[in-house]
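Taking mature numbering (1 follows the signal peptide of the UniProt record, and there is no 0), I'd label the letters of the sequence shown as residues -17 to -1, 1 to 352.
No lab work stands behind these hints: they were computed from the structure.
It should be emphasised that the depicted structure is a prediction, and the values quoted were computed from it without experimental measurement.
Heads up, a few of these hints could be off.
Said to hold, decoys possible - For lysine-lysine, the following DSS-like pairs were computed, each having C-alpha atoms within a straight-line distance of at most 25 angstroms:
id : residue 1 : residue 2
1  : K189      : K277
2  : K277      : K17
3  : K189      : K138
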Amino acid sequence: MKSALSLLPAIASLALGTCVTRQTGSNPSVDGLKFVIDGESSYFAGTNAYWLPFLTNDADVDLAMSHMAEAGLRILRVWGFNDVNTVPDNGTVYFQLHSDGVSTINTGEYGLERLDYVVSAAEAAGIKLVIPFVNFWDDYGGMKAYVTGYGGSDKTSWYTDAEMQGAYQTYIKAVVSRYVDSTAILAWELGNEPRCPSCDTSVIHKWATETSAFIKSIDPSHLVAIGDEGMGLDGGSEYPYTTTEGTDFALNLAIPDIDFGTLHLYTTDWGVTNNSWGNQWVQDHAAVCESLGKPCLFEEYGIKDTHCTDDLAWQDTALAADGVAADLFWQFGDTLSGGETADDRYTVFYGSDDWECLVADHVAVINGA
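Please model the complete structure; the sequences and the hints are all you need to start from.
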């Protein structure tokens, strides 16, 4: 999903950071078509709160995490990237600076130490994190920040440019090494919704093969996924089923170091007028995952403004599909010290009526209540 929240206030620092090593629970794994979390092989519910590592108030992180945990949400996806081309004004969190062909990782108090706190809070709450390393979209810098910093032509060049890929892998190593011993990590993701418009599918396939192997060489104990939308598969003729964006779902899922598939669902944004279309989209991905013996994570989905209508049918479809192991709605909202968090019209706020139908009722069904 394209996010629309501006960089959050903090003071930039380049001081050395420390690794998160506190142990609670156990490393998540896969068991056939299921995830195993702290010894439990089941279907799990979760959410996205991309903005959580950009908060500078620890109490806000703790409050949001406690609300998710109390609701029975077991998986949380947050951004592990925040790229810039110029050092922001004092009071802004960022993770990496790309300028004049050089990348500098901000490991300080208002750099990766903010992600450190999220990981520690997740450990304390018993929540497992999914962390992508780069954004296809320009929000929070993304691939465009690399292209700007290294003088590339466009985002499609990012996948094959040696300098940009070198900087990307250096960043991956820095982040993974901080949390390699943390049981709060469910999975590392290569990126958020990686696309290569009009590229041959071999471009992303080669990049995903090489990058997933690189991550596993650093951290063989945690799961790895691509973080794509699941575009490019058999079952329909609509735009998301095509390989227009350079992805082939089955081909990429078959990569040896990719542990599970991901799919997103936004009918309006994709030009699909019938929300019930989403049920087949979920089922078709589940079938591919089942055929390859790897679980699917339904990791982003939502309908603007009306969260208690067709979203619920998508949840039911995912829960009934053997190949789907968990779903994460987009996105979690809460009221924190600075007021309500960002509302992109997909946001479901803690304690609202929509929260009851989309979250509380869904978790109750999963738990057999």
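Evaluation of the provided hints:
1. K189 - K277: 20 angstroms, holds
2. K277 - K17: This hinted pair holds, its Cα atoms lying about 8 angstroms apart.
3. K189 - K138: The given pair, whose Cα atoms are some 16 angstroms apart, holds under the 25 angstroms limit.
Hint violations for this structure: none, all hints satisfied.
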